[in-house]
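*Asks:* Sequence:
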Amino acid sequence: LDWWLLAAGGWLTWRGVFLRWTPIGICMVVAAKWHLHNRELDKKGLPRTAAKWQAKMYCSLPLRLMSRCWGWMADRRVPKPVRPMLYGLYSNTFGVKMEEAAPDNFKEYRSLGEFFTRPLKEDARPIDPKTSFVSPCDGRILHFGAANSNLIEQVKGVSYSLEAFLGPPTWTTKDAPEMVEKVKKNASPDSVLYQCVIYLAPGDYHRFHSPTLWKPELRRHFSGELLSVSPKIAGWIPGLFCLNERAVYIGKWKHGFFSYTAVGATNVGSVEIFMDEKLKTNKWVGLACGSHKHKEYDELEMPADKYLEKGELVGQFRMGSTIVLIFEAPKEFKFNLFPGQRVKVGERLGTFEGTEEAVENPEEVKRAIQSLDAVDSGHCVKVFTDYFMQYEHTELVLVSVVSQVETSFS
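Counting from 1004, one number per residue, gives the positions in the sequence shown under our numbering.
FYI, nobody ran anything at the bench for these hints, they're computed from the structure. Computed from a prediction, not measured in an experiment: that's the story for all the values here. One should not assume that every hint holds.
[To be verified] List of simulated lysine-lysine pairs, DSS-like, C-alpha gap at most 25 Å:
#1 Lys1347 x Lys1124
#2 Lys1257 x Lys1369
#3 Lys1281 x Lys1309
#4 Lys1124 x Lys1100
#5 Lys1337 x Lys1347
#6 Lys1369 x Lys1283
#7 Lys1059 x Lys1286
#8 Lys1083 x Lys1100
#9 Lys1286 x Lys1334
#10 Lys1257 x Lys1309
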């Protein structure tokens, strides 16, 4: 009993010290372990990615509500006397080059939305005539290179699923044998799937163009999250582009499969595609982060005679966001880029080694595109060719994959 009373008296004496300093000690230990963990990742050259609970916490923020409010605010008329001060502050903060804009007078832009989507002077972005593949937008290169598997990178070391990003094959099990024959027919040992991810910062030119002459055949609109797509967040959350709202246009160019994706982001008032009036983005939709709803999409077939010329205006963002290009090209294709490089609309993105590109006749290119069977209406067959053809028994694998897709969506 005496021992118990002595212990109780000691606790009462030192209780304040323990209660006051123990939480600080625990926090210091956790911080030290976190620092050691990050240092170990840096030594191994691995990215510091978010844990599942961190990603869920970030997704739980009211980012769609913020984006809707920002979109509403951006459409409000700004009094003329205030425009030079407001737009000037924005320009100085984000490095906007008003000498390129048309018009270049702040007072001519009635709202923030008009200012964000300002057009440029005709000679501000010349399109390189000596290449068939140019930058579709102003921005910074996040990642580029060959997609050697069904996983491709959003930034170095952080990947996402090609199927989750573009959507699954939409053919059914009974169609599999016919589809396999088309896959085999189109499979080329000299063809590679490439990707290029370009981030548009808030101060960049917010309109985006066609990088080449190609034929869009299908649009898929994924109503996902509106998370930030800044390089830091893209390197922190794996599969970020698969979570975010995006408009995916699937088609073909002279070398085969071609896809062009505009990815939505926080405070992007809306994504507008001028050839697609039915596309409505940034709507009042509440989705649980990581839910199966992210896999659902609206699908629209594009007009059969629709082509986009190299350099043609495609659409615009109301704020900075991301353009993702995934395309098929010969092995000789090489990017003339480095990570983090700044690019502008119309600048050369890559070249074909060992060959000199001649000035193309658009009508001849269109006939070449029509002769391809890389993409059927409602299907993106060629994208998955490399994935399927790595197996000896392609028919069995294709039926198995299709069955899994059907099961996961039933």
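*Asks:* Each hint should be assessed against the structure and marked as holding or not.
*Replies:* Verification of the hints:
no., hint, verdict
1, Lys1347 x Lys1124, "14 Å, holds"
2, Lys1257 x Lys1369, "8 Å, holds"
3, Lys1281 x Lys1309, "16 Å, holds"
4, Lys1124 x Lys1100, "12 Å, holds"
5, Lys1337 x Lys1347, "18 Å, holds"
6, Lys1369 x Lys1283, "29 Å, violated"
7, Lys1059 x Lys1286, "21 Å, holds"
8, Lys1083 x Lys1100, "20 Å, holds"
9, Lys1286 x Lys1334, "41 Å, violated"
10, Lys1257 x Lys1309, "15 Å, holds"
Going down the numbered hints, you'll see the structure goes against 6 and 9, while the others check out.
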